[in-house]
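Assemble the complex: chain A is given as a structure, and chains B and C must be docked to it using the hints.
Chains as they are written, first to last, in the numbering used here: chain A, 137 to 268; chain B, 137 to 268; chain C, 137 to 268.
Since the hints were derived computationally from the structure, they do not count as laboratory data. Accuracy of the hints is not assured; some may be wrong.
[As the list claims (entries may be wrong)] One-sided and incomplete, this derived list gives chain C residues near chain A with beta-carbon spacing under 7 Å:
1. 203
2. 236
3. 238
4. 239
5. 267
[As the list claims (entries may be wrong)] With beta-carbon atoms standing in for the labels, derived distance ranges:
6. A/213 with C/169: 47 to 53 Å
7. B/240 with C/265: 52 to 58 Å
8. C/177 with B/159: 42 to 48 Å
9. C/266 with A/213: 23 to 29 Å
10. A/172 with C/266: 40 to 46 Å
11. C/152 with A/182: 38 to 44 Å
[As the list claims (entries may be wrong)] Here are the computed lysine-lysine pairs in the DSS-like style, where the Cα-Cα straight-line distance is at most 27 Å:
12. C/240 with B/240
13. C/172 with C/240
14. A/240 with C/172
15. A/172 with A/240
16. B/240 with A/240
17. B/240 with B/172
All C-beta atoms in this analysis are idealised placements derived from N, C-alpha and C, irrespective of residue type, glycine included.
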Amino acid sequence: MHLVWGTHWLALVTVLALIEYMVLGVMVGQARGRYKIEAPATTGDPMFERYFRVHQNTLESLIVFLPALWICGLTLSRRGAAVLGLLYIVGRAVYARGYLADPKGRAAGAMMTFAANGLLMIGSLIGIIIHW
Amino acid sequence: MHLVWGTHWLALVTVLALIEYMVLGVMVGQARGRYKIEAPATTGDPMFERYFRVHQNTLESLIVFLPALWICGLTLSRRGAAVLGLLYIVGRAVYARGYLADPKGRAAGAMMTFAANGLLMIGSLIGIIIHW
Amino acid sequence: MHLVWGTHWLALVTVLALIEYMVLGVMVGQARGRYKIEAPATTGDPMFERYFRVHQNTLESLIVFLPALWICGLTLSRRGAAVLGLLYIVGRAVYARGYLADPKGRAAGAMMTFAANGLLMIGSLIGIIIHW
Chain A
137 MHLVWGTHWL ALVTVLALIE YMVLGVMVGQ ARGRYKIEAP ATTGDPMFER
187 YFRVHQNTLE SLIVFLPALW ICGLTLSRRG AAVLGLLYIV GRAVYARGYL
237 ADPKGRAAGA MMTFAANGLL MIGSLIGIII HW
Chain B
137 MHLVWGTHWL ALVTVLALIE YMVLGVMVGQ ARGRYKIEAP ATTGDPMFER
187 YFRVHQNTLE SLIVFLPALW ICGLTLSRRG AAVLGLLYIV GRAVYARGYL
237 ADPKGRAAGA MMTFAANGLL MIGSLIGIII HW
Chain C
137 MHLVWGTHWL ALVTVLALIE YMVLGVMVGQ ARGRYKIEAP ATTGDPMFER
187 YFRVHQNTLE SLIVFLPALW ICGLTLSRRG AAVLGLLYIV GRAVYARGYL
237 ADPKGRAAGA MMTFAANGLL MIGSLIGIII HW
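So that you can see chain A by itself, here it is in the shape it has in the complex:
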């Protein structure tokens, strides 16, 4: 089946965001060894907990990001949604770097993620209304 023209940007952004998330997951696995936190524990070392929370928080945001990316992209603008998707991906990297250095340093990346998701949600609402 041929994809509708332009959706390859949305698909590519989706895959890139998931690769980033998988990398953050692998980092949690490595941190288990480094900080000697054996499953099923997820606490016990503040540095391990940073890795764990970065991954978890990214999961928490992906459940909003992925549907909003596609609804906004399919109803309003594929390119606009893809650009906001890149903002999301960069925001998650900034979040991870900031959080791992110092939990207080997570605000900038968190705001980028929130802005990307918020705009995608607003775009989705506008797109839905336009097509009603």
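Same frame as chain A, now just chains B and C:
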């Protein structure tokens, strides 16, 4: 691209469920300040933990809800799926209110969520079989 | 609306993976009673924590699995993606059995899941490039 007729109901329910989830997430952030739980900790105050678990449990249910809403909606009935989607959204609000008042009070909302997701899953299975 | 031919395999695999996930969730609820872990706590008994982590880890992998299953399936091969989807579902069962017996026993199932998701991601990238 024009959306297939009727999918705007599914898209709208999706966005509403995600807005509700984002509000629950903002409430976790506010609870961090109020109960003085600094990241990366997610435990240490029973009231904070209620807010945290409400958000987490909603994430746990969204991963079932969103695919089931769309598969049931596209294969069986868009309006039927959208109505069950509203039951899910109301159920999550009842769950949050009940849980925040007392963890034992989360049963009613949990059952509404489970009923909505369960019926959407059954509807998805029926819809898939019908289209086989 | 008629589904595009062959997508019923992807829809069926999606529903089966979600049923498996819901069963793991019900097992967490039962474990709360058995090991006397009252909400909002999610720690306090190593056996309860195994059930809890099996469910959580499955959620962590579903957010990758579902989009990759559909992008790979729609752009490259519906049957190939569905077969990898079955590998994922079996991998999650192996993971749960292994983890509940002993947290060290989770490696085999984790590797099956990771292989299925990794191949679906690679297939998605190839499919996206082919359709560019």
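Against the structure, the hints:
no. : hint                         : verdict
1   : 203                          : 5 Å, holds
2   : 236                          : 10 Å, violated
3   : 238                          : 10 Å, violated
4   : 239                          : 4 Å, holds
5   : 267                          : 5 Å, holds
6   : A/213 with C/169: 47 to 53 Å : 50 Å, holds
7   : B/240 with C/265: 52 to 58 Å : 53 Å, holds
8   : C/177 with B/159: 42 to 48 Å : 24 Å, violated
9   : C/266 with A/213: 23 to 29 Å : 24 Å, holds
10  : A/172 with C/266: 40 to 46 Å : 45 Å, holds
11  : C/152 with A/182: 38 to 44 Å : 39 Å, holds
12  : C/240 with B/240             : 34 Å, violated
13  : C/172 with C/240             : 24 Å, holds
14  : A/240 with C/172             : 35 Å, violated
15  : A/172 with A/240             : 24 Å, holds
16  : B/240 with A/240             : 34 Å, violated
17  : B/240 with B/172             : 24 Å, holds
In this structure, the hints that do not hold are numbers 2, 3, 8, 12, 14, 16, in rising order.
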